[in-house]
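S.K.: As a plain string of letters, each chain reads:
Protein chains: 2
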Amino acid sequence: MQTELEVIPLDRLKSVFDKETIIDKVKEAYISHAEGKVNSPAPGQLLFDGRKGDCHIKFGHVIEAPYFAIKIASGHYDNPKIGLPVNSGLVIVMSAKTGRPVTILADEGWITSWRTAAAGCLAARSMLPSNLDAVGMIGSGHQAGLQLEWVSPFLDTKKVIVWNVDKFKAEAEVFVSELNQKGFDARFADNSQELTEKCRLIYTTTPSTQALFDSSHIKPGTHIVALGADSPGKQELDTEVFGRASKIATDDHKQCLDHGDFGNAVRAGKVSENGDVKFGDILSGKIQGRTSDEEITIVDLTGIPALDIAMATLFCERLGIQ
Amino acid sequence: MQTELEVIPLDRLKSVFDKETIIDKVKEAYISHAEGKVNSPAPGQLLFDGRKGDCHIKFGHVIEAPYFAIKIASGHYDNPKIGLPVNSGLVIVMSAKTGRPVTILADEGWITSWRTAAAGCLAARSMLPSNLDAVGMIGSGHQAGLQLEWVSPFLDTKKVIVWNVDKFKAEAEVFVSELNQKGFDARFADNSQELTEKCRLIYTTTPSTQALFDSSHIKPGTHIVALGADSPGKQELDTEVFGRASKIATDDHKQCLDHGDFGNAVRAGKVSENGDVKFGDILSGKIQGRTSDEEITIVDLTGIPALDIAMATLFCERLGIQ
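Protein chains in written order, with the numbering used here: chain A, 1 to 322; chain B, 1 to 322.
Heads up, a few of these hints could be off.
No copy labels: a pair is met if it fits in one copy or bridges any two.
What the hints assert, rightly or not - Once the Cα atoms are required to be at most 27 Å apart in a straight line, the calculated DSSO-like pairs of lysine-lysine come out as: (1) K97 / K159; (2) K52 / K270; (3) K254 / K286; (4) K81 / K97; (5) K234 / K97; (6) K97 / K52.
Hint data in this document are derived by calculation from the structure and do not stem from the laboratory.
In this text the structure is predicted, and so the values were computed from the model without any measurement.
The whole structure should be built from the sequences, with the hints applied where relevant.
M.R.: Structure follows, in structure tokens:
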């Protein structure tokens, strides 16, 4: 028996795309994951040429769902030198009933980009302090731009302060200029202290392997959304800040211990291994998030298969694929 | 940038297919794996509906190779009830340089079938005793037939004795009749003792979760190729036979400890954890296999990504895909 397997190109995915639904589906996926309804073994990872390239393979099945999904997402950081985007990939949608492939979403890495933008948007809003004057963005790449674009409709401020390490300063200055063209009131900070002192919402979106700020410069009332550290060896947050936080939410406890900034802080003895709560439980309201404008709060996201399955299912529904 | 991603259907794969080359490439892959030249993290596995369905995701990269591969292979054991084959799947070939998908081999599980047939053929021949009168086949499914078909040109006997558990007795009788139509001299054994006593080459190719024979019925000089146990909880071999074997080869030490019959024997205390040698080292001649016709020898195969990468690379070469 011959499979007629369709490859859905990126432009068809983009044509059925709306941010509000993706945010809703990603929220549901976090809640399902927190409730133990997702069978998702530890993701696979391949590293190439030192750390110049990586490929993450995430797969899982929402219990009783008709499909399961295998998402392949790669990042090859020297691609721009040959005129190619850093990210690529595809998502294989399979039938849970027969094990046969249903369709291939040739998303070129965009499903990861979109669901991560939705995830960051939910994370930012989950424990936002009331007195937000400016958003701090540590990082200036593809995902930094998406985060601001997706969260902006939900914020009362257009002020953005951007900082990045010297190596990426030129990229960051271009990024600031692009943000201003898009209607943000953005500027580049000379150092991370300037950013941390002025911003009560801070995103970190870099591939860093060391802390990007000093915890002593983080003001009370700050909410941190840590997105960059998604594999062992990466680090963005000063581990000290975990000791000061009144609430630490992780997308997956075990994965954040292995891959995330939370794990770095646990290993450094700054927070206990059970010092986190499930991000899905914050989203569902089962656990209360921020209780005052003086608290420091952190959401550590490493990326979980539940989100990719939710995205695959959404696109299949929208495209009428059965 | 839009990917134009081609899906190669099974009939095109079949059109460029020859057993000799596959056997050669699989042999090279085992040797590369034994030499540590393959970066292949632990495969992923999803189980559905108890154990009625499973999906194995194997991925890896042969160091410095232009491609890497992600192989998705599923088995849904109730599929025949709705007129579908048990096995399905596909192989994604990716560029190691850019992380972009190169092609999709819609093999419907056949790449796994072929490379497993080649693997079993190499395993059988690697430590074959000289006095082979009949081949014993425990199991009567798809892979049992392929094993006999692939190894037959290398053996001096056409005699096959088949045995399977009561549940599959009807299937096994059909299998025996088909073997005879194909020129084998096959018959069904009433019990496994009858098979083990008459056969000096024994394959096990079942999804069993318990021993299928009694070690005391295995005669000196028997070579066992264990193919069925490929995930935790499965078992085909009586653990006692490992204590009697003078050589135990595993395709991957750690994986066979977790997934294979070797692991069952280690946990039962019948063999030490370092009681195995690398199958690739037997194939390369680095380690000597059988030294006399009195020894019991075992090859425990659980399936390694190196084989799938080799197959993907071979098909890409044959199809002129770059």
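S.K.: With reference to the structure, classify each hint as holding or not holding.
M.R.: Verification of the hints:
In the homo-oligomer, the alpha carbons of K97 and K159 never lie at most 27 Å apart, since the shortest distance is 50 Å inside one protomer and 39 Å across protomers. In the homo-oligomer, the alpha carbons of K52 and K270 never lie at most 27 Å apart, since the shortest distance is 31 Å inside one protomer and 45 Å across protomers. Taking the shortest alpha-carbon separations for K254 and K286, only the intra-copy value of 20 Å comes in at or below 27 Å, while the best inter-copy value is 41 Å. In this homomeric assembly, K81 and K97 come within 27 Å of each other (Cα to Cα) only across copies, at 12 Å, whereas the closest approach inside a single copy is 44 Å.
Taking the shortest alpha-carbon separations for K234 and K97, only the inter-copy value of 22 Å comes in at or below 27 Å, while the best intra-copy value is 38 Å. With identical chains, the CA atoms of K97 and K52 are at most 27 Å apart between copies only, with a shortest distance of 9 Å across copies and 38 Å within one.
The structure fails to meet hints 1, 2 from the earlier list, while all remaining hints are met.
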